[in-house]
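Chains as they are written, first to last, in the numbering used here: chain U, 504 to 774; chain R, 680 to 892; chain E, 146 to 215.
You may find that some hints are simply not true.
Unchecked claim - In silico BS3-like cross-links for lysine-lysine, where the CA-CA straight-line distance does not exceed 25 Å:
| # | chain 1 | residue 1 | chain 2 | residue 2 |
| --- | --- | --- | --- | --- |
| 1 | U | Lys733 | E | Lys171 |
| 2 | R | Lys843 | U | Lys718 |
| 3 | U | Lys718 | U | Lys739 |
| 4 | R | Lys869 | U | Lys714 |
The set of hints was computed from the structure by calculation and includes no laboratory data.
Now for the letters of each chain:
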Amino acid sequence: MINLTDNQLDRYSRHILLQEVGVEGQEMLLGGKILIIGAGGLGAPAAVYLAAAGVGTIGIVDNDHVEISNLQRQITHFTKDINAAKVDSAAEKMRAINPDVKVNTYQQYINAGNIRELIREYDFVIDGVDNFPTKFLINDACVMEGIPFSHGGILRFDGQTMTVVPGKSACYRCSFRQPPPPNAVPTCSQAGVLGAVAGMLGTIQATEALKYLTKTGELLTDSLLTFDAKKMNFRKINLKRQDNCPLCGGKPSVTELIDAPQAACGLKTAQ
Amino acid sequence: MNITKDVINAIIDHAKREIPYEACGCLAEKDGIVSHYYELTNIDKAADHFSMDPKEQFAAIRDMRGKGLKLAGIYHSHPETPARPSEEDIRLAYDPEVSYVIVSLIEPDCSVKSFKIRNGVVTMEEINIIDHKKEPQIKIDAVKNCQGISCPMNLVYTKVELAKLRSGQVLEVILDDGAPAINVPLSASKEGHKILAKNQLTKESWSVLLEKA
Amino acid sequence: MQITVNGEIEQLNDTGVTISRLLEIKQVESPDMVSVQHNGVFIDREHYPTTILAANDELDFLYFMGGGAK
Chain U
504 MINLTDNQLD RYSRHILLQE VGVEGQEMLL GGKILIIGAG GLGAPAAVYL
554 AAAGVGTIGI VDNDHVEISN LQRQITHFTK DINAAKVDSA AEKMRAINPD
604 VKVNTYQQYI NAGNIRELIR EYDFVIDGVD NFPTKFLIND ACVMEGIPFS
654 HGGILRFDGQ TMTVVPGKSA CYRCSFRQPP PPNAVPTCSQ AGVLGAVAGM
704 LGTIQATEAL KYLTKTGELL TDSLLTFDAK KMNFRKINLK RQDNCPLCGG
754 KPSVTELIDA PQAACGLKTA Q
Chain R
680 MNITKDVINA IIDHAKREIP YEACGCLAEK DGIVSHYYEL TNIDKAADHF
730 SMDPKEQFAA IRDMRGKGLK LAGIYHSHPE TPARPSEEDI RLAYDPEVSY
780 VIVSLIEPDC SVKSFKIRNG VVTMEEINII DHKKEPQIKI DAVKNCQGIS
830 CPMNLVYTKV ELAKLRSGQV LEVILDDGAP AINVPLSASK EGHKILAKNQ
880 LTKESWSVLL EKA
Chain E
146 MQITVNGEIE QLNDTGVTIS RLLEIKQVES PDMVSVQHNG VFIDREHYPT
196 TILAANDELD FLYFMGGGAK
């Protein structure tokens with residue numbers, strides 16, 4: 504048992520007061536390790552809440568630098584951080600919120616060659632990336648390594664998220680099979696997004712991670728939560744594992760990780 | 680329902696005195712513990728049903744208000760039937776908030792049971808008997824002084840101390856009079872811990888003994 | 146006949162409506178960005194033109210949504 508200091512008891516008092524979390528749950532959080540892939544619209548709010556919650560180790564992966572167009576929604580990055588590495592900017596804020604947290608930064612692109620080794624060090628992964636090939640890569644790697652993760656997506660005023668517990672619940676490929684054809688994809692940069700919608704989705708993902716670490720409640724598995732912030736309609740679509748899923752089905756065809764051509768989604772040129 | 684041993688003994692005694700008729704009365708609580716009772720007259724004088732004397736009922740409620748007590752329950756006895764609500768009891772249960780306590784005299788040890796009745800649905804609730812006289816025998820495993828610590832941090836410290844104990848061990852918490860002395864034991868009991876005793880130490884402080892769930 | 150699309154009941158006047166046709170009826174802008182679940186079962190894109198809907202079917206359009214790193 505970790506002995507919480509008086510300072511920590513004060514800091515985490517609102518968690519400790521929850522019957523479902525309590526002292527034990529807070530200790531699980533302090534012993535927990537979460538990897539956030541993408542320090543952007545989803546990753547930034549998730550990083551803030553996970554650091555504030557006292558998750559002991561948080562890894563954050565992103566190769567990009569802060570641009571002024573990020574600041575409308577990527578709340579870990581401030582005006583002074585323009586041109587700084589996103590992972591450094593995010594880490595600085597997380598440490599400032601909570602010095603208890605050990606932040607590991609990875610300023611790199613994730614790819615088929617490095618992702619499995621990276622996620623293996625963590626208990627739970629948050630997908631906050633902006634392109635579909637990488638979303639599929641995260642899904643595939645997490646299923647292969649047996650590490651649960653939260654998928655998240657946003658578009659204009661809409662958001663969607665699901666939690667995947669490999670081997671137990673439907674994976675992203677069960678319902679989405681393969682990345683959409685590159686030309687069809689409206690990226691966030693092209694489509695626009697209301698900044699706070701990114702916050703709504705990122706904080707739902709953080710909530711799932713906290714629930715997972717504290718073993719509280721029921722995870723958002725076997726369902727896709729979608730919302731339309733324009734009407735504030737939320738809907739949960741039931742999903743189930745599909746036996747013909749190319750990854751987690753009976754006869755898998757996806758048996759190794761493949762790097763999707765980065766340029767394919769057109770995102771690297773769309774700013 | 681938390682209730683003192685004295686009250687339990689008194690209502691059993693009342694039930695026995697009224698044989699062959701049903702006895703009835705009110706129970707009153709303070710800070711989540713039933714500590715007072717009011718014997719009322721069963722104006723029906725019957726062995727299988729009761730009606731409280733309305734005048735006495737109002738007098739009881741007035742007395743509770745004067746003493747800072749709250750109506751916690753209605754008790755009555757079943758001289759010849761088990762301690763469970765009869766159809767009439769369920770039909771006449773008008774208040775979903777109060778507990779309906781039934782003393783059955785058919786068993787030698789006089790079973791006492793408590794129920795909540797909501798829209799005709801009966802749920803039994805646990806009766807936790809608090810025996811003040813037994814207190815000196817309680818072995819206290821840890822003490823936490825939460826005097827001067829306001830809500831909700833006093834509960835945080837109480838939970839931290841409880842987390843260090845094993846199930847069945849006893850924590851004594853010293854709490855400020857007022858909201859802390861009311862809220863902390865109530866919250867702890869909602870999380871499954873048992874209130875073994877609650878005593879006012881001084882004008883400003885209370886001792887609460889909690890048994891870890 | 147009645148079917149349920151994205152949780153809402155819809156009236157179809159024609160019979161023999163395929164998933165491809167339903168995507169047109171519902172004016173889905175970019176069908177490539179939609180994954181279709183038919184009574185809880187994922188349907189391969191190539192089967193959209195041949196999967197005919199029956200009364201009381203439940204259809205869910207799952208949209209591809211990206212993230213927000215950029």
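Now the hints, each set against the structure:
| no. | hint | in the structure |
| --- | --- | --- |
| 1 | U/Lys733 x E/Lys171 | holds (19 Å) |
| 2 | R/Lys843 x U/Lys718 | holds (20 Å) |
| 3 | U/Lys718 x U/Lys739 | holds (21 Å) |
| 4 | R/Lys869 x U/Lys714 | holds (22 Å) |
Of the numbered hints stated above, none is contradicted by the structure.
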